[in-house]
Amino acid sequence: MTFATRTWDRMSLTSRLVAILVPLALILAVGSVVGILVILPATMDFLRANLPLVRFAVAVVGILVLTIPTAFVLIYLELKIIARMNLRVGPNRIGPWGAAMSLIHGFKVLSKEDFTPTGADLPVFTLAPVVTFLASVMTLLVIPFAPGLFGQDLNIGLLYFFAMGGLSVLGLLMAGWASFNKYSLLGGLRAAAQIVSYEIPLTLSVVGVVILAGTMSMNRLVLAQSGSALDWFAFKQPLAVLIFFIAATAEANRTPFDMTEADSEIVAGFATEYSGMRFGFFFFAEYVNVFIVSALLATLFFGGWTAPFNWPWPYNLNWLDASGIGVLWIPIAIIATVVVADVVAVAVRLVGGRSWSAPSAFGLGFLAAGVGIAAVVGLACFIAFDWVQGIFWFMTKTYVFVFTFVWMRGTLPRVRVDQLMGFAWKWLLPASLLNLFVTATAVVLLNQ
Amino acid sequence: MPTRQRATQPDGATQPDGATQPAHAARTSQAARASQAATAKAQRQRPPEQYRSDDDPRIMLDREVGADLFEPIPPYPVRTEREAEFYTRGDGEMFLNVGPHHPATHGVLRLVLKLSGEQVVDVDPVLGYLHRGVEKICENSDYYHVIDQVDPLEYVSSLFQEWAAVLAFEQLMDVEVPPRAEYIRVLTSELLRVSSHTLFMGFLALDLGGLAPILYSFIERDEIVEMLAALTGARMLFNYFRIGGVNGDLNHEFLSRLGDWMSRAAKQTEANTGLLNENEIFVRRARGVGILDREMALRFGVTGGNLRASGVPFDVRRAHPYSVYPQLDFNVPTRLEGDSLARYLIRMDEVRESIRIIDQCLHNMPDGPVMAKLPRLLRPRPGRAWGAVEGPRGMLGVYAISDGSDQPFRFRIHDPSFLNLAVVPYLLPGNLLADTMAIVSSLDPVLGGIDK
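In the order they appear, the protein sequences are chains D and U.
Throughout the first sequence, residue numbering follows the numbering used here, covering 1 to 448 in sequence.
Throughout the second sequence, residue numbering follows the numbering used here, covering 1 to 452 in sequence.
Since the hints were made in silico from the structure, they are not lab data.
Hints are not guaranteed to be accurate.
Claimed, not checked - Below, a list of computed lysine to any residue pairs in the SDA-like style, where the Cα atoms sit at most 25 Å apart: (1) D:Lys426 - U:Arg284; (2) D:Lys182 - U:Pro103; (3) D:Lys426 - U:Glu280; (4) D:Lys182 - U:Pro100.
Unchecked claim - Which chain D residues stay away from chain U? Per the calculated CB distances, all over 12 Å, these: (5) Ile27; (6) Val61; (7) Leu154; (8) Ile211; (9) Phe279; (10) Phe309; (11) Ser360; (12) Leu379; (13) Phe403; (14) Trp425; (15) Ala431; (16) Leu436.
Claimed, not checked - Listing some non-contacts, in silico: residues in chain D with all C-beta distances to chain U over 10 Å: (17) Ala29; (18) Ile36; (19) Asp45; (20) Val54; (21) Gly62; (22) Leu66; (23) Leu77; (24) Asn92; (25) Phe162; (26) Thr441.
Glycine included, each C-beta is placed from N, C-alpha and C at the ideal position.
From just these sequences and the hints, can you work out the full model?
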């Protein structure tokens, strides 16, 4: 060892670099040759043989990764929208218009102390956020984002959704019980009572849709509504939409039904004793829940990824490649960027005069060119690919409902526990039963 | 923590560093002393408390004990029959300690609730976390300095305490206050009443879970407070009233800000109250909750909006007129329901009346001095005086006794929040935990005034 260190000390910087890089390059080269020749074909064969499994794994990873930006976007939207409703500015320091605020929130949560109260039931306390988070993330698996873009097309997709959604109450109850805190316990028990009660009208309100479509697969439910906005189930089942919306608000623990974390009554409810990333998981789960509930509302009642009017697209844009230029689009794009940048820069210099320096004029030009080309490419994709359109319509509808949830949070006070339960059992449940009865009768009568 | 102490020092004789032995060590038995000597070295080498690792058996002991982890409730032997009754738990009941640090307690109010499920069975308010001995401080300062001592009592509406103190002192000294000063006092105080009531609306909504109204009411309050800051130089603790007048005439900035505000105050008030009055959830949560009947309110000495919401049209401005209120035209809004919603609506009506009063003050304000001529050192004749004003929370009185020196011999502050809060143990039982906030908040207590 001493020999090696002494030799290393005598070496110059260049020889040190060579001593590091040459073996490294050798290992990489040999490794990649072996990999390409041996491992890759074997892997490809394996993957091809197990395509459904691969699809499932990719979908799970994709969805797990997707939840984080979704939660970030939702948190930022909520901060900003409620701020505007309260005549405040909201986050405006980090990133453009404060857009990186929730990223910083994430880092903050990660770097905070992970506190465990004395007397807590440690395994349960640790598992509770995991259960809550996974329960909400796993429901994303069956939601069709676009034609062909879904985790799994289960034929009992809707049933799976409600089964997984019902699991989240387990996490809340675990958190409430394990925290060794009376506020947490009250929050957990409220969560149990509330979510179990609202599960029933939530599920019953959807049964009408299932009767109409004759399927529980989410994809087929969407396809059953394709055409125009008039084919949406929202118009055939208006009462169900209302019931579903209210029950889903309670299910996602959102204002005015956020009993489980009523800050003015039970401090933070089940999350009182949680800090750091454990709290972060609860926080993420809440916002992912909002997204999921909105997505489900869009999927079940508002046509999912289908367009709201008769849509002539997708056009076949293969003619772009038909002349054989194919790869030539890349140099064309580069040349177009330079040309547009130059034109914009010259125009800015001519109009703006001395207030624009040459570099900033060219910067603006490149920015404009970039945005323009991105817009053109995006538009082409939108016209050409049905899944891009699907994502567009799906996200538009979903975020309309997300906005509604945020809006309600900024406006409404909280209902009381007994009012909440009374509303579920006295009004929502009979209404959903009535809806079910009328739908079933109508289907039976009209089909005869 | 008692348990940990016991675990660390089995016989309570050795300090953690083992250097000294207290005198009472001699009283321990021979065997105990022997074992003590044997462990003395080990104790010296034991790492200090904060470095204890997780597998330290003493921590396990703490975990196993469980029930002894927390101080017993109450942490002292019960002192009265009432306490003994309260702290005896029935079947399925539990104690919940709300406050002194809780998101919905106004200041540092602590309520020990006895709950059966979510239903409140009994409540024990614990006060005094903000006690500063203001009365005694006032008795040790001369008459001029009392005014800035009473300012932080009810920090939401400080001018009213100043007014009560000044009113009592003026009676002691037979000072004639110039009419312009009286009008300025009415004007500024009514502004502050609007600010206080608007803030009350926001906090009531916040305690019921509504996020928006608090910010709208803070906008109103901020405008009023900035306005008064232009007049007095301070945003919260104004120190503006003086014995015999006020500290300075109305200035241009105050008047221009006031004009701006008055031009849309009434409209803005309607808009703000519309946020809540027309909200079904809010109305359902506030109506019929915490009903305070007339007799109970009178027996407890409840005053202000809380009393008027219970059907007693008692307003100090009308019942025992002071200042220029007899010359002003205003109503005393009264309601019969006595619930949280009535208490809220009364205050909103009072905001409208206050805006009317401010309007009249601006139109009728006479010219003239704002300060009576007074000696530098005030030495009133021996005597006693009672000055009471209608604060935003009720009758705010000061009882001052002079012994002929330059300091009040006795300075007693009658704070309305204290008496209003006294009805809480009678309003809460039978209600749900969520309603405790609706009820306590609708009584509008400010703990600075209660704890004095």
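Going down the list of hints, with the structure as the test:
| no. | hint | verdict |
| --- | --- | --- |
| 1 | D:Lys426 - U:Arg284 | holds (16 Å) |
| 2 | D:Lys182 - U:Pro103 | holds (16 Å) |
| 3 | D:Lys426 - U:Glu280 | holds (18 Å) |
| 4 | D:Lys182 - U:Pro100 | holds (16 Å) |
| 5 | Ile27 | holds (42 Å) |
| 6 | Val61 | holds (35 Å) |
| 7 | Leu154 | holds (37 Å) |
| 8 | Ile211 | holds (32 Å) |
| 9 | Phe279 | holds (16 Å) |
| 10 | Phe309 | holds (36 Å) |
| 11 | Ser360 | holds (39 Å) |
| 12 | Leu379 | holds (39 Å) |
| 13 | Phe403 | holds (16 Å) |
| 14 | Trp425 | holds (17 Å) |
| 15 | Ala431 | holds (17 Å) |
| 16 | Leu436 | holds (27 Å) |
| 17 | Ala29 | holds (49 Å) |
| 18 | Ile36 | holds (50 Å) |
| 19 | Asp45 | holds (50 Å) |
| 20 | Val54 | holds (43 Å) |
| 21 | Gly62 | holds (35 Å) |
| 22 | Leu66 | holds (29 Å) |
| 23 | Leu77 | holds (15 Å) |
| 24 | Asn92 | holds (16 Å) |
| 25 | Phe162 | holds (27 Å) |
| 26 | Thr441 | holds (32 Å) |
The structure agrees with every numbered hint stated previously.
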